[in-house]
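The chain contents come next:
Protein chains: 2
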Amino acid sequence: MSRDKSFTPEWIDTPPPEKTYRSIFKWGAPDRVKHPSHGFYRAVKESLGLSDDDFARKTSTGEEKISQEIAPAMAAEDLAALAEIVGEKNVSTDTFSRLKFSSGKAMEDLLKLREHVIENIADVVVHPRDREDVKKIVALCHARKIPVNVYGGGSSVTLGLECVRGGVSLAMNTHMNRIIEFNETNQTITVEPGIMGPAYEEALNNAPQKFGTGHRYTGGHFPQSFEHSSVGGWVVTLSAGQSSTYYGDAYHLVISQEYVTPVGSFKTLAYPGTATGPKVNDIMKGSEGCFGVLVAVTMKIFRYFPDNRQPFSYILPDWESAVNAARNICQGEFGLPSILRISDPEETDVAMKMFGISGSVLDRLMIFRGHIPGKRCLLIGQADGEKNFAQQVKKNSKKICKNYNGMYLTSYPMNKWMHGRFSDPYMREDLNDYGIIIDTLESAVTWDNLHHLHQGVRSYIKNHPHTICMTHASHFYRQGTNLYFIFIRRSMPTRDFLTFQRGIIDQIEKHGGSLSHHHGVGKMMAPWMEKHLGKEQMAVLQALKNHFDPNRIMNPGGTLGL
Amino acid sequence: MSRDKSFTPEWIDTPPPEKTYRSIFKWGAPDRVKHPSHGFYRAVKESLGLSDDDFARKTSTGEEKISQEIAPAMAAEDLAALAEIVGEKNVSTDTFSRLKFSSGKAMEDLLKLREHVIENIADVVVHPRDREDVKKIVALCHARKIPVNVYGGGSSVTLGLECVRGGVSLAMNTHMNRIIEFNETNQTITVEPGIMGPAYEEALNNAPQKFGTGHRYTGGHFPQSFEHSSVGGWVVTLSAGQSSTYYGDAYHLVISQEYVTPVGSFKTLAYPGTATGPKVNDIMKGSEGCFGVLVAVTMKIFRYFPDNRQPFSYILPDWESAVNAARNICQGEFGLPSILRISDPEETDVAMKMFGISGSVLDRLMIFRGHIPGKRCLLIGQADGEKNFAQQVKKNSKKICKNYNGMYLTSYPMNKWMHGRFSDPYMREDLNDYGIIIDTLESAVTWDNLHHLHQGVRSYIKNHPHTICMTHASHFYRQGTNLYFIFIRRSMPTRDFLTFQRGIIDQIEKHGGSLSHHHGVGKMMAPWMEKHLGKEQMAVLQALKNHFDPNRIMNPGGTLGL
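Residue numbers (the working numbering), protein chains in the order written: chain A, 2 to 563; chain B, 2 to 563.
Hints listed in this document are in silico derivations from the structure and should not be mistaken for laboratory results. Heads up, a few of these hints could be off.
One copy or any two copies: either way a pair holds, since identical chains are not told apart in the list.
Stated by the list, open to error - Here are the simulated lysine-lysine pairs, DSSO-like style, with alpha carbons at most 27 Å apart:
hint	residue 1	residue 2
1	LYS137	LYS90
2	LYS532	LYS136
3	LYS137	LYS536
4	LYS66	LYS463
5	LYS463	LYS396
6	LYS536	LYS268
7	LYS388	LYS399
8	LYS511	LYS268
9	LYS20	LYS376
10	LYS137	LYS532
11	LYS400	LYS376
12	LYS268	LYS532
13	LYS376	LYS463
14	LYS388	LYS403
15	LYS388	LYS400
16	LYS35	LYS388
17	LYS536	LYS136
A quick note: this is a predicted structure, and the numbers were derived from the prediction, not measured.
With the sequences and hints as input, model every part of the structure.
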């Protein structure tokens, strides 16, 4: 049944038609695609026990227009009051807009949209123009007990954006995306929360031209969603970027935040270090819109030295060596690489196919040296910063990899990965079009529990036949790292998918991983929160919720388990 | 009136007699002293307009026995119930013990004790043996509404230990000073909170012998109170150590904490990074015993490379150059020195006298090169970590100092400072014996506000004639630093001292400094907290207080302004 070797599925190349389901769930820029490479396509086919025939016809495309119109379940006077605040043109009540601003990018969102399920949508989308608008909106909604759901870049994969109680979806990235202050002396930038990753980074990289600064800067924060997520979103969901090992997570990058809450507005202290009691700045980080609306944020920035980059790649004999090498790199006290990433054997094999290394001369050399597919593990990294510093970090990292019998692969795999690092999510639509499910879950873990968690989650996933499970660690600390699980399976009913996916979360929790390393909690992880934190600590979050939001209007319906 | 050149005041050399006021207020080890050097003595005399005659007779020594016995204001059945929990021998009700475990090391404490003022003392000192004892004590006190005051190492300089509502003083360092777990893989150590600095660091330095680890470790935390403060105290007051620029503040070092609160006990998650909502671990840091009792803490540790130390010292032409050099060192992305410290002109001059440099050949060389007393500023530092890393950090730091017209002073001043870094507080008693007041206040500050804060506070202090005001910055971040003010004045009534000292806090607050960088808040800074944080943020801390401590028994009476 297999077709000729050159068979390629008819991946969709055209931007989604306007006002269609696809235009909502498609990842990223409407006119941009990234199709699976032939190597990746073949790997998926083989692992899932599929043939080219399974890619002859799409199972769904979501290219249908949203034809239903559902009336908002909000009193006309409330709608009028909101329009009064922001102006008519900053309020939308059409179903398409409401669905769009109530949807994230979880597999679950995508499946439902492909099935034309419209549920948990806001009654109205409101685009505030500035903090004063937000203050008036929150005051109004607090007084009238109208739910307020906050929407940043729209890339949530944890059901953070579904408006389960209806109400307002507050679109922060329409207008509130400005730079408020660039402070070179303090090395900080203050922005409105809706500014998107590329605009933010571009301003920093080009600060000498834009702000007359003496140096170029970087924000150092590059989550895979970089191009389609907002700075405010990074902060309220505790995002981690691909260079977090050096620059820190969003958690570490926030100097100060300004919030509008139902019980008042405030700006947290902007000192880099203080001893004035528990820090309200910390209490608000990761609050996912449950306590109030972030209206401004001051972030740390860093000198930018693009010419000093020192990429490196190693193949290590097995997963244990890769983990130990990474751990020793992080614990060596010689500075940290900005990017560090180790892939388990299954991910390594897929990567070798994606990067076109499988079957090459390099592949044969690796095998000759004992680095066997199915066992060998890829480690890629990049050092940044001052020139000698970056060189020394690379040099020390290489020494450690050698100690673990690593073989240097030049910078080629690192550069390949770098090239595709933001665009891989585009492939999801292509696979989904043929009914193939691809999803991810991630967890924080201490070094001493890494293998237990990896094996536990992996064996649960692999117990389902014809399933790909690729795992990597990509955010490092002296005390541990994260594990990022990518799983690919054949088409199944949404209900079955949810059972399977929730089963993985169960396994993460049972094997001592954290419920989330950098995707946040949303409503997806919420049911596990009390078990994970314990009831005493959940009660602390509840006490804060009760304080900030007595009428329970902020992102209501279970976000963070509140 | 001046005596012969070799006159030296009769500093007290003997340990304080038992059960005296001096035995409570004296800094550090009873049998240890450090007297002012002749250079320092001369500097104090000159600046304060004193002569040797003023040092002919002590104004007070506090060597009087505490003769009063004050009956505890606690019901006999409550005392019995406490003794039932911990055993008779772990309960003290004598006035000396109660005063001792209700006193800190603020100048205010010292003045009052010299004046035999006994106030704000606990009714009973209880020495819990383990967390189970603490659970029972807190449950009992919660039920019976008995205040619980937590006592760590006793070095608080912010009135953190005064038991203003009486009740229990919980002495954590008597028994609860054990190491619970050493985890080399995770690079963490879990300890009971009462373990003191030297025992903690010594265990880490000698981990191969003590725990069979592969490497030596350091905690990286060296506050000036290192020898007389507890790990738990560091955490709950947000301490910063002299190597914080590389290793971070106590805030950054805490991975997980276990608390006993009136509404339940819990251990925070022990992941190095998570995205599971606001972190309860952060909410508890800096809570100064107001929410509950810390009973165990897991801290980050670091590889220890004593042989790789790279000390350096520079003299810079003025304060602005010193600040800019330090800022550029911190913003250079070449790794950070562990120790970095810049002294303003007045502190530099005193340091030159203390270190014996004034009038030396080196001094003349400095002056010849344009580094003039009264203007020049000392910068000292030390790089740690892996060998090449430490060398590169030093090299880059030196390059920056040179750019600011710094003159290299070899490692001599750094080593001199290093030698006395924990012992300078011993000189306080010597000066106090002759009625001279020496005290300190510190503040966090952003780079762009540093000079404004420095000048504002300094001019307030210097407006008082015959007053020394030395300032340094010693904890660095890319975004700012701290300012540490040391002021020395002639004897004055306690009331006048308090007016003067509170006036400085006023100036810190008015000039945009934080109320505390690393001394905590205690009851001293508490009156400024609402103004500093704003009422919305104070309300957040109040909400947490209400949650954890509905009967308001934990460190009651104003700590943190609660």
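Hint by hint, here is what the structure shows:
In this homomeric assembly, LYS137 and LYS90 come within 27 Å of each other (Cα to Cα) only inside a single copy, at 17 Å, whereas the closest approach across copies is 62 Å. In this assembly of identical chains, LYS532 and LYS136 lie within 27 Å of each other by CA distance solely across copies; the values are 22 Å between and 35 Å within a copy. Proximity of LYS137 to LYS536 under the C-alpha cut-off of 27 Å is restricted to the inter-copy arrangement: shortest distance 20 Å between copies versus 35 Å within a copy. For a Cα distance limit of 27 Å, the shortest separation of LYS66 from LYS463 qualifies neither inside one copy, at 37 Å, nor across copies, at 75 Å.
Taking the shortest alpha-carbon separations for LYS463 and LYS396, neither the intra-copy value of 37 Å nor the inter-copy value of 52 Å comes in at or below 27 Å. Within a single copy, LYS536 and LYS268 get their C-alpha atoms only as close as 30 Å, which misses the 27 Å cut-off; across copies the closest is 11 Å, which meets it. Both within a single protomer and between protomers do LYS388 and LYS399 lie at most 27 Å apart by alpha-carbon distance, with minima of 17 Å and 16 Å respectively. Within a single copy, LYS511 and LYS268 get their C-alpha atoms only as close as 39 Å, which misses the 27 Å cut-off; across copies the closest is 17 Å, which meets it.
Taking identical chains as interchangeable, the C-alpha atoms of LYS20 and LYS376 are never at most 27 Å apart, the minima being 47 Å within one chain and 69 Å between chains. Taking the shortest alpha-carbon separations for LYS137 and LYS532, only the inter-copy value of 25 Å comes in at or below 27 Å, while the best intra-copy value is 37 Å. In this assembly of identical chains, LYS400 and LYS376 lie within 27 Å of each other by CA distance solely inside one copy; the values are 21 Å within and 47 Å between copies. For the homomeric pair LYS268 and LYS532, the shortest alpha-carbon distance between copies (13 Å) is at most 27 Å, but the shortest distance inside one copy (32 Å) is not.
Proximity of LYS376 to LYS463 under the C-alpha cut-off of 27 Å is restricted to the intra-copy arrangement: shortest distance 16 Å within a copy versus 70 Å between copies. Both within a single protomer and between protomers do LYS388 and LYS403 lie at most 27 Å apart by alpha-carbon distance, with minima of 23 Å and 19 Å respectively. Proximity of LYS388 and LYS400 under a CA criterion of 27 Å is satisfied in both settings, with 19 Å inside one chain copy and 14 Å between copies. For the homomeric pair LYS35 and LYS388, neither the shortest alpha-carbon distance inside one copy (34 Å) nor that between copies (45 Å) is at most 27 Å.
Proximity of LYS536 to LYS136 under the C-alpha cut-off of 27 Å is restricted to the inter-copy arrangement: shortest distance 17 Å between copies versus 33 Å within a copy.
In summary, the numbered hints that this structure violates are 4, 5, 9, 16.
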